[in-house]
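**Student:** This is what each chain is made of:
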Amino acid sequence: MSWIVRLQKSSLGSKYIMAITGAGLFLFVIGHFAGNLLLYWGQDAMNAYAVELHNLPYGALWIARGGLLIMVLAHIFIAYRLTFQNRAARPQRYQYEATLQASFASRTMPYTGTIVLLFILFHLAQFTFHLVAVDPVQLDPQGREDVYSMVVHAFQSPVYSAIYVVSVLILGFHLSHGLSSMWQSVGLNHRKYNLAFRKLSPLLGWIVCLAGVSLPLAVLFGLIK
Amino acid sequence: MELTLHVWRQKNGQDSGKMVTYKARDVSPESSFLEMLDQVNEELIGKNDEPIAFDHDCREGICGSCSMMINGKAHGGRKGTTTCQLHMRSFKDGEQIYIEPWRARAFPVVKDLVVDRGAFDRIISKGGFVSVATGGVPDANAIPISKEAADLAMDTAECIACGACVAACKNASAMLFVSAKVSHLANLPQGQPERLQRATHMVEQMDKEGFGNCTNYFECEAACPKQISVRSIAVMNRDFLKASLLHQEPVGKA
Ligand code: HEM
Ligand code: SF4
Ligand code: FES
Numbered sequence: 001m002s003w004i005v006r007l008q009k010s011s012l013g014s015k016y017i018m019a020i021t022g023a024g025l026f027l028f029v030i031g032h033f034a035g036n037l038l039l040y041w042g043q044d045a046m047n048a049y050a051v052e053l054h055n056l057p058y059g060a061l062w063i064a065r066g067g068l069l070i071m072v073l074a075h076i077f078i079a080y081r082l083t084f085q086n087r088a089a090r091p092q093r094y095q096y097e098a099t100l101q102a103s104f105a106s107r108t109m110p111y112t113g114t115i116v117l118l119f120i121l122f123h124l125a126q127f128t129f130h131l132v133a134v135d136p137v138q139l140d141p142q143g144r145e146d147v148y149s150m151v152v153h154a155f156q157s158p159v160y161s162a163i164y165v166v167s168v169l170i171l172g173f174h175l176s177h178g179l180s181s182m183w184q185s186v187g188l189n190h191r192k193y194n195l196a197f198r199k200l201s202p203l204l205g206w207i208v209c210l211a212g213v214s215l216p217l218a219v220l221f222g223l224i225k
Numbered sequence: 001m002e003l004t005l006h007v008w009r010q011k012n013g014q015d016s017g018k019m020v021t022y023k024a025r026d027v028s029p030e031s032s033f034l035e036m037l038d039q040v041n042e043e044l045i046g047k048n049d050e051p052i053a054f055d056h057d058c059r060e061g062i063c064g065s066c067s068m069m070i071n072g073k074a075h076g077g078r079k080g081t082t083t084c085q086l087h088m089r090s091f092k093d094g095e096q097i098y099i100e101p102w103r104a105r106a107f108p109v110v111k112d113l114v115v116d117r118g119a120f121d122r123i124i125s126k127g128g129f130v131s132v133a134t135g136g137v138p139d140a141n142a143i144p145i146s147k148e149a150a151d152l153a154m155d156t157a158e159c160i161a162c163g164a165c166v167a168a169c170k171n172a173s174a175m176l177f178v179s180a181k182v183s184h185l186a187n188l189p190q191g192q193p194e195r196l197q198r199a200t201h202m203v204e205q206m207d208k209e210g211f212g213n214c215t216n217y218f219e220c221e222a223a224c225p226k227q228i229s230v231r232s233i234a235v236m237n238r239d240f241l242k243a244s245l246l247h248q249e250p251v252g253k254a
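First to last, the sequence lines map onto chains A and B. Its first residue numbered 1, the first sequence is counted upward by one per residue in my numbering. Its first residue numbered 1, the second sequence is counted upward by one per residue in my numbering.
No lab work stands behind these hints, which were simulated from the structure alone. Among the hints, a few may not be true.
Think about it this way: if two alpha-carbon atoms lie no more than 25 Å apart in a straight line, the pair counts; the simulated DSS-like pairs of lysine-lysine are [what the hints assert, rightly or not]: (1) A:Lys9 with B:Lys111; (2) B:Lys147 with B:Lys126; (3) B:Lys253 with B:Lys111; (4) B:Lys208 with B:Lys170; (5) B:Lys126 with B:Lys242; (6) B:Lys23 with A:Lys192; (7) B:Lys126 with B:Lys18; (8) B:Lys147 with B:Lys18; (9) B:Lys79 with A:Lys9; (10) A:Lys9 with B:Lys126; (11) A:Lys9 with B:Lys208; (12) A:Lys199 with B:Lys170; (13) B:Lys23 with B:Lys111; (14) B:Lys147 with B:Lys170; (15) B:Lys47 with B:Lys79; (16) B:Lys208 with A:Lys192.
One-sided and incomplete, this derived list gives chain B residues near chain A with beta-carbon spacing under 10 Å [as the list claims (entries may be wrong)]: (17) Thr4; (18) Leu34; (19) Ala53; (20) His56; (21) Cys58; (22) Ile70; (23) His87; (24) Cys169; (25) Asp207; (26) Glu221.
The beta carbon of each residue, even a glycine, is placed where N, CA and C say it ideally should be.
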C-alpha cells in the first residue's frame, strides 16, 4: 500500500487523481442532469423516478453516494493541496505579468472549483437536507414525496433560479478546461485524437451544463408549472 | 532607437532587490538584446556603477544561459527565439521594457538577472542519461533506429535546459524540461532498459526541488525557445503511471 501513499503525494500522482475523480464527477453530473430532465415529463414521471432511485436493489444508492463522496473529497483535497504548492513554487511574482496561451478557464480552476463547491453545499442543504430555502416536503396524490413541486416551487423564485443558472454555467467553465486537461494528465495526447480530447469533450460538458441550466429557466418562464 | 529599461537589481541572494530604471540610447535595431544590455553596461561602468549581471555564453541559441523575462515573457516571447537571438528591431523606438530574472523558488536569484538553475542538474543526475559499458567503439549501425524514432528523439533532445518553461509556467512547474529529457531517451532503443526507473527518479527529484505542478496551461510550450511540445509531458505522464502501477519487484527464490 505504501506505493499508493507515495503516488498520491507526487506531482503526477496528484494529477492522475484529479483527472480520474474529475471524470467520475462529470459522469455523475451527466446522470444527475439526465434524471432531472424528467421535470419536463411532469409530476408523475419525476416523483416515480425519485421513488425508484430510493428503491434501487443492493443498496446501490448508498454505494453510489459513498463513491461520490470519496471522489468529491479527494478532488477537493488534492485541488487545494496542488494550488498551495503551486503558489509556494513562485514566492515572488513578476512585476510585469503576461500570458502567451494559457486559457482564462485554466488559470481560474481553483476559483471556479471553489464556487462549484459552495454551490454543491447550498444545493445539498436545500434539496437533500431541506435546511434552507425550501418548503416542508408534501406528498403527491399517489402518496409519494412530491419532489417535483419542491423543485418547481424553489425555481419559481428568480433569486434561487439565478443561483442555479450562474453556478452551473461556472461548472461548465470549470469543465471547459477540466475535460480537455484530464486526458493529458493521464498521458493521452495524440494528434489523431486531440480533436476529441480538446474540443469534443468540453463541448459535451457545455451541452450537459446547458441542459441543466434549462430547468430553472423553463420553470421561471412558465414552461414547467 | 532610445528605450527605457526597468531592470531588476539585486546584489546577492540575501538582498531584497528592486526595479531600477535606465535609458538605453543610440541602440541599433540590428543589435541583439544582449548587445543592447552590453551597451548599457558599458555606460554604467564608465560612470563607475555596477553593471547589470546577466548570464550568457554561446550567444547563438544553443547554451540556454541567457535567461531573462522581458515584458513578462520568457526570452521576450518571440516564437522559437532565445534572448541572445532576439533583435532590437522587435521593439518600438521609445518603448518601455521590463527585465526580470526567472521567478521560481527552485531557481534562487544569485545576482540581478542571474539565477541558480542547479535544480535542473540535480534532476538530470537522477536519470537523464543512459548507462553504457565503456570499451571499444561500437559499430555505427549495430543498433537499428528508425528515422521516425530518431526524429522524435531529436525534437525533444533540442531542449537547452534554459528554464523558460519554469519561468513562464503560472505554477513554476518544470514538467516540460523534465519530460523533454524523459521522452528524448524513451524514443531511443538505448533508453529502454532504464526507461521507467528514469521517469520515476527524475519526477521524484523534480518534486523535491520545489517546482510547481502541471495544470495543463500549456504556457511552457509557447515560451520554449526550442518549441518542445507538451506531447512530451504526456509521454512522461504515461511512463510514470506505468512505473507506479507495474514497478518490478525482484522475483527472488521461493
Ligand atoms: C461536479 C463537480 C466537479 C467536476 C465535474 C470537476 C471536474 C474536474 C476535471 C475533469 C478536472 C481536470 C483534471 C485534470 O486536469 O486532470 C478538474 C480540475 C480541477 N478541479 Fe474540479 N471538478 C468539480 C468540482 C471541483 C471543486 C468543488 C473544486 C474545488 C474545490 C475543484 C477544483 C479543481 C481544480 C483546482 C482543478 C485543477 C487542478 C490542476 O490541474 O491543478 N473542482 N475538475
Ligand atoms: S523545455 Fe524548452 S523552455 Fe524548457 S528548459 Fe528545455 S528548451 Fe528551455
Ligand atoms: S547565450 Fe546561449 S542560448 Fe543565449
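**Student:** If a hint holds in the structure, say so; if it does not, say that too.
**Tutor:** Checked hints:
| no. | hint | verdict |
| --- | --- | --- |
| 1 | A:Lys9 with B:Lys111 | violated, 34 Å |
| 2 | B:Lys147 with B:Lys126 | violated, 28 Å |
| 3 | B:Lys253 with B:Lys111 | violated, 57 Å |
| 4 | B:Lys208 with B:Lys170 | holds, 19 Å |
| 5 | B:Lys126 with B:Lys242 | holds, 18 Å |
| 6 | B:Lys23 with A:Lys192 | violated, 51 Å |
| 7 | B:Lys126 with B:Lys18 | violated, 36 Å |
| 8 | B:Lys147 with B:Lys18 | violated, 50 Å |
| 9 | B:Lys79 with A:Lys9 | violated, 35 Å |
| 10 | A:Lys9 with B:Lys126 | holds, 19 Å |
| 11 | A:Lys9 with B:Lys208 | holds, 11 Å |
| 12 | A:Lys199 with B:Lys170 | holds, 23 Å |
| 13 | B:Lys23 with B:Lys111 | holds, 21 Å |
| 14 | B:Lys147 with B:Lys170 | violated, 36 Å |
| 15 | B:Lys47 with B:Lys79 | violated, 36 Å |
| 16 | B:Lys208 with A:Lys192 | violated, 35 Å |
| 17 | Thr4 | violated, 13 Å |
| 18 | Leu34 | violated, 19 Å |
| 19 | Ala53 | violated, 17 Å |
| 20 | His56 | violated, 21 Å |
| 21 | Cys58 | violated, 24 Å |
| 22 | Ile70 | holds, 9 Å |
| 23 | His87 | violated, 19 Å |
| 24 | Cys169 | holds, 9 Å |
| 25 | Asp207 | holds, 5 Å |
| 26 | Glu221 | holds, 8 Å |
The structure is inconsistent with the numbered hints 1, 2, 3, 6, 7, 8, 9, 14, 15, 16, 17, 18, 19, 20, 21 and 23, although it conforms to all the rest.
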